[in-house]
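Novice: Sequence:
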Amino acid sequence: MASTNVGGSLPVLSAPVDTLRQGPGANLKHAGVDTHPVQAAERRSAEMAQREDAVAKTALYGTALGAKAGLDKQILGRVQRLPGGATPSAMLGLQALNGELDELPMGDFFGGDFAVSERAPQHTVHEQMEMQLGMTRKGGLPL
Numbered sequence: 001m002a003s004t005n006v007g008g009s010l011p012v013l014s015a016p017v018d019t020l021r022q023g024p025g026a027n028l029k030h031a032g033v034d035t036h037p038v039q040a041a042e043r044r045s046a047e048m049a050q051r052e053d054a055v056a057k058t059a060l061y062g063t064a065l066g067a068k069a070g071l072d073k074q075i076l077g078r079v080q081r082l083p084g085g086a087t088p089s090a091m092l093g094l095q096a097l098n099g100e101l102d103e104l105p106m107g108d109f110f111g112g113d114f115a116v117s118e119r120a121p122q123h124t125v126h127e128q129m130e131m132q133l134g135m136t137r138k139g140g141l142p143l
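Here the sequence shown stands for residues 1 to 143, numbered as in this note's numbering.
It is worth saying that the hints were derived from the structure and are not from the lab.
Check before you lean on any hint, since a few could be wrong.
Straight-line Cα separation of at most 25 Å, DMTMM-like style, residue types lysine to aspartate or glutamate; simulated pairs [as the list claims (entries may be wrong)]: (1) Lys73 / Glu103; (2) Lys57 / Asp72; (3) Lys68 / Asp18; (4) Lys68 / Asp102; (5) Lys73 / Glu47; (6) Lys73 / Glu52; (7) Lys57 / Asp18; (8) Lys68 / Glu47; (9) Lys68 / Glu100; (10) Lys73 / Glu100; (11) Lys57 / Glu103; (12) Lys68 / Asp53; (13) Lys68 / Glu52; (14) Lys73 / Asp102; (15) Lys57 / Glu47; (16) Lys73 / Asp53; (17) Lys73 / Glu42; (18) Lys57 / Asp102; (19) Lys57 / Glu42.
Since the structure is predicted, the reported quantities are computational estimates derived from the model, not experimental observations.
Construct the entire structure; sequences and hints are all you get.
Specialist: Structure, rendered in structure tokens:
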């Protein structure tokens, strides 16, 4: 399913859902819902900690540091290693800025990230780049 999150809220459908390849639960209804109550609590506590950290840094260093951090986050949020977010580590710069590389998430203890599909990508890197640049038709054929 090709969906994007707008402003950290609900996902927006950007391509039709392919039920045969992605399974019956691959729709927008399940994309915006936490799979477990502990996952929701961890997400809320992480968001609250980020807000408190930003307020503390603004009080200590001034508003310029907060504005610079916001700009850095926006810029690094758009830069990916591979087109289409093919791997979970595609947003490496943003992960480094947020400090996510310094901690070991709970999913690593239990065999990986539960939100990431374990299927191989359906397109090669070259096909993904051509799709992102608009060099292919809808059927995947070159122009």
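Novice: Now, for every hint given, state plainly whether the structure supports it.
Specialist: Each hint tested on the structure:
Under the criterion of a C-alpha separation no larger than 25 Å, the hint pairing Lys73 with Glu103 is consistent with the structure, at around 19 Å. As the CA atoms of Lys57 and Asp72 are separated by approximately 15 Å, the hinted pair is consistent with the 25 Å bound. In summary, the hint linking Lys68 to Asp18 is not supported, as the alpha carbons are separated by about 40 Å, beyond the 25 Å threshold. The hinted pair formed by Lys68 and Asp102 meets the criterion: a straight-line CA distance of about 22 Å does not exceed 25 Å.
With a CA separation close to 15 Å, the supplied pair Lys73 and Glu47 stays within the 25 Å bound. Simply put, Lys73 and Glu52 have alpha-carbon atoms about 17 Å apart, close enough for the 25 Å limit, and the pair holds. Proposed proximity of Lys57 and Asp18 is contradicted: the alpha carbons are some 45 Å apart, above 25 Å. About 19 Å separates the Cα atoms of Lys68 and Glu47, which keeps this hinted pair within 25 Å; it holds.
Note on Lys68 and Glu100: the hinted pairing holds, with a Cα-Cα distance of about 19 Å set against a maximum of 25 Å. At most 25 Å may separate the alpha-carbon atoms for a hinted pair to count; Lys73 and Glu100 meet this at roughly 13 Å. Proximity of Lys57 to Glu103 is assessed by CA-CA distance (about 21 Å); at most 25 Å being required, the pair is judged to hold. With a CA separation close to 14 Å, the supplied pair Lys68 and Asp53 stays within the 25 Å bound.
At roughly 17 Å between alpha-carbon atoms, Lys68 and Glu52 fall within 25 Å of each other, so this suggested pair holds. Proposed proximity of Lys73 and Asp102 is supported: the alpha carbons are some 17 Å apart, at most 25 Å. About 15 Å separates the Cα atoms of Lys57 and Glu47, which keeps this hinted pair within 25 Å; it holds. In summary, the hint linking Lys73 to Asp53 is supported, as the alpha carbons are separated by about 15 Å, within the 25 Å threshold.
Distance check on the hinted pair: Lys73 and Glu42 sit about 21 Å apart at the alpha-carbon level, within 25 Å; holds. In summary, the hint linking Lys57 to Asp102 is supported, as the alpha carbons are separated by about 20 Å, within the 25 Å threshold. For a cut-off of 25 Å, the pair hint linking Lys57 to Glu42 stands: about 22 Å separates their Cα positions.
This entry does not satisfy hints 3 and 7, going by the numbered hints stated previously.
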